[in-house]
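For reference, the chains in residue letters:
Protein chains: 2
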Amino acid sequence: MTEISPEDAARHRAKMEKRKAVQDAEVAEKSVEKGLLIVHTGPGKGKSTAAFGLALRTLGQPDGAKVGVVQFIKGAWESGERRALESFGPRVEWHSMGEGFTWETQDLARDIAAARRAWDKVREMMDDPAIGLLILDELNIALRYDYLPLPEVVAALSARRAGLHIVVTGRNAKAELIEAADLVTEMGLVKHHFKAGVKAQKGIEF
Amino acid sequence: MTEISPEDAARHRAKMEKRKAVQDAEVAEKSVEKGLLIVHTGPGKGKSTAAFGLALRTLGQPDGAKVGVVQFIKGAWESGERRALESFGPRVEWHSMGEGFTWETQDLARDIAAARRAWDKVREMMDDPAIGLLILDELNIALRYDYLPLPEVVAALSARRAGLHIVVTGRNAKAELIEAADLVTEMGLVKHHFKAGVKAQKGIEF
Numbered sequence: 322m323t324e325i326s327p328e329d330a331a332r333h334r335a336k337m338e339k340r341k342a343v344q345d346a347e348v349a350e351k352s353v354e355k356g357l358l359i360v361h362t363g364p365g366k367g368k369s370t371a372a373f374g375l376a377l378r379t380l381g382q383p384d385g386a387k388v389g390v391v392q393f394i395k396g397a398w399e400s401g402e403r404r405a406l407e408s409f410g411p412r413v414e415w416h417s418m419g420e421g422f423t424w425e426t427q428d429l430a431r432d433i434a435a436a437r438r439a440w441d442k443v444r445e446m447m448d449d450p451a452i453g454l455l456i457l458d459e460l461n462i463a464l465r466y467d468y469l470p471l472p473e474v475v476a477a478l479s480a481r482r483a484g485l486h487i488v489v490t491g492r493n494a495k496a497e498l499i500e501a502a503d504l505v506t507e508m509g510l511v512k513h514h515f516k517a518g519v520k521a522q523k524g525i526e527f
Numbered sequence: 322m323t324e325i326s327p328e329d330a331a332r333h334r335a336k337m338e339k340r341k342a343v344q345d346a347e348v349a350e351k352s353v354e355k356g357l358l359i360v361h362t363g364p365g366k367g368k369s370t371a372a373f374g375l376a377l378r379t380l381g382q383p384d385g386a387k388v389g390v391v392q393f394i395k396g397a398w399e400s401g402e403r404r405a406l407e408s409f410g411p412r413v414e415w416h417s418m419g420e421g422f423t424w425e426t427q428d429l430a431r432d433i434a435a436a437r438r439a440w441d442k443v444r445e446m447m448d449d450p451a452i453g454l455l456i457l458d459e460l461n462i463a464l465r466y467d468y469l470p471l472p473e474v475v476a477a478l479s480a481r482r483a484g485l486h487i488v489v490t491g492r493n494a495k496a497e498l499i500e501a502a503d504l505v506t507e508m509g510l511v512k513h514h515f516k517a518g519v520k521a522q523k524g525i526e527f
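In order, the protein sequence lines correspond to chains W and H.
Counting with our numbering, you get residues 322 to 527 for the letters of the first sequence.
Counting with our numbering, you get residues 322 to 527 for the letters of the second sequence.
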């Protein structure tokens, strides 16, 4: 057990009193309530996973708000997070509209058609007042490959109704989307077990 | 709808065929199965949220593996993600062992004692073979303030049993922990709505 002198304790208390005053003042000056446009981008892990974590936060609210998920790239394959979220029944509406990664399909016209179908579904869900959080998984990939017109997408997301939070995931988020967003997190890759020859692990990658 | 010439389609296909070959070769050369030590750090959002998203991935596995959560800083307050994860019943074991942020308690001895109790709980859960994923939420904060001896913590986490994934969250992860980890993601803050005077939003921050 670390020894704490009375001087250490007093110094710590004084420092933390100051810190708390700053913190309280910062919280007090914020007042706007709005549905946020959130972007998770960058080469690191956790972009989609953090979006699904946010789904939990919505599902834990007693107001009964629903979570919508549209996956732009992933197809109908099963995943742990999908199975787990579907245990919340009608509070989660999940649509995997992709045809797989673009290097799997190798068919540009098919990729574009799939992205358009997914986007139509998004527009429909944006109009559903029961949905409090909408996750647009890998939309950044569809935008990066120009499967959808960026101005159309940014305009529609910016015109979301009050109270609807939207999370867009995927690498290489477009500058215009970042500009329109309220909250942008860049997931940076510091270290990855694949580099050490460790394969995809159950419960982590799938 | 974007026009695609036959040349564009062929070029796309050739590029993607190459990309797929690289991808397949990369997957094939990985063979090690192990429980991962994962660190989510950095100033951005999503460190804890991505950890809870991983919990979903474990809970969606049909093997019935349990998720353990030990919160080092947060106290007994309710949160959306906790309520949602607790709907999985005995598959989630959640312990909020903190006394609040250190600038709230302003009492160093109390913070150290709380961190030690939390760490004892972690050691106990690391020995429980039913647990497949253990989330040590904000452990990095406890390590940063020297509430726990870093060598003891790193040694114990490194000696985890095979098959146990551990996720450590919090800003300012120690270099020794990053060194011991298999997978490290740095969440970078690109843009935050607090700066625009928008307050903490239900379903996003709590």
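Hints in this document: simulated from the structure, not taken from any laboratory.
Quick caveat: nothing in here was measured; it's all calculated off a predicted structure.
There may be inaccurate statements among the hints.
Which copy is meant is left open, so a pair is good if it fits within one copy or across any two.
Stated by the list, open to error - With a cut-off of at most 30 Å between alpha-carbon atoms, the simulated DSSO-like pairs for lysine-lysine come out as follows:
1. K355 <-> K523
2. K387 <-> K339
3. K355 <-> K336
4. K341 <-> K355
5. K339 <-> K512
6. K395 <-> K523
7. K387 <-> K523
8. K442 <-> K495
9. K495 <-> K512
10. K341 <-> K512
11. K395 <-> K512
12. K495 <-> K341
13. K442 <-> K512
14. K336 <-> K387
15. K341 <-> K387
16. K442 <-> K341
17. K355 <-> K512
Each hint, compared with the structure:
no. : hint          : verdict
1   : K355 <-> K523 : between (37 Å within a copy, 10 Å between copies)
2   : K387 <-> K339 : neither (40 Å within a copy, 41 Å between copies)
3   : K355 <-> K336 : neither (34 Å within a copy, 42 Å between copies)
4   : K341 <-> K355 : within (26 Å within a copy, 42 Å between copies)
5   : K339 <-> K512 : between (36 Å within a copy, 26 Å between copies)
6   : K395 <-> K523 : both (18 Å within a copy, 29 Å between copies)
7   : K387 <-> K523 : both (28 Å within a copy, 13 Å between copies)
8   : K442 <-> K495 : within (21 Å within a copy, 44 Å between copies)
9   : K495 <-> K512 : both (25 Å within a copy, 14 Å between copies)
10  : K341 <-> K512 : between (34 Å within a copy, 23 Å between copies)
11  : K395 <-> K512 : both (25 Å within a copy, 27 Å between copies)
12  : K495 <-> K341 : between (37 Å within a copy, 24 Å between copies)
13  : K442 <-> K512 : between (36 Å within a copy, 28 Å between copies)
14  : K336 <-> K387 : neither (42 Å within a copy, 40 Å between copies)
15  : K341 <-> K387 : neither (35 Å within a copy, 36 Å between copies)
16  : K442 <-> K341 : between (45 Å within a copy, 28 Å between copies)
17  : K355 <-> K512 : between (36 Å within a copy, 16 Å between copies)
The earlier numbered hints that this structure contradicts are 2, 3, 14 and 15.
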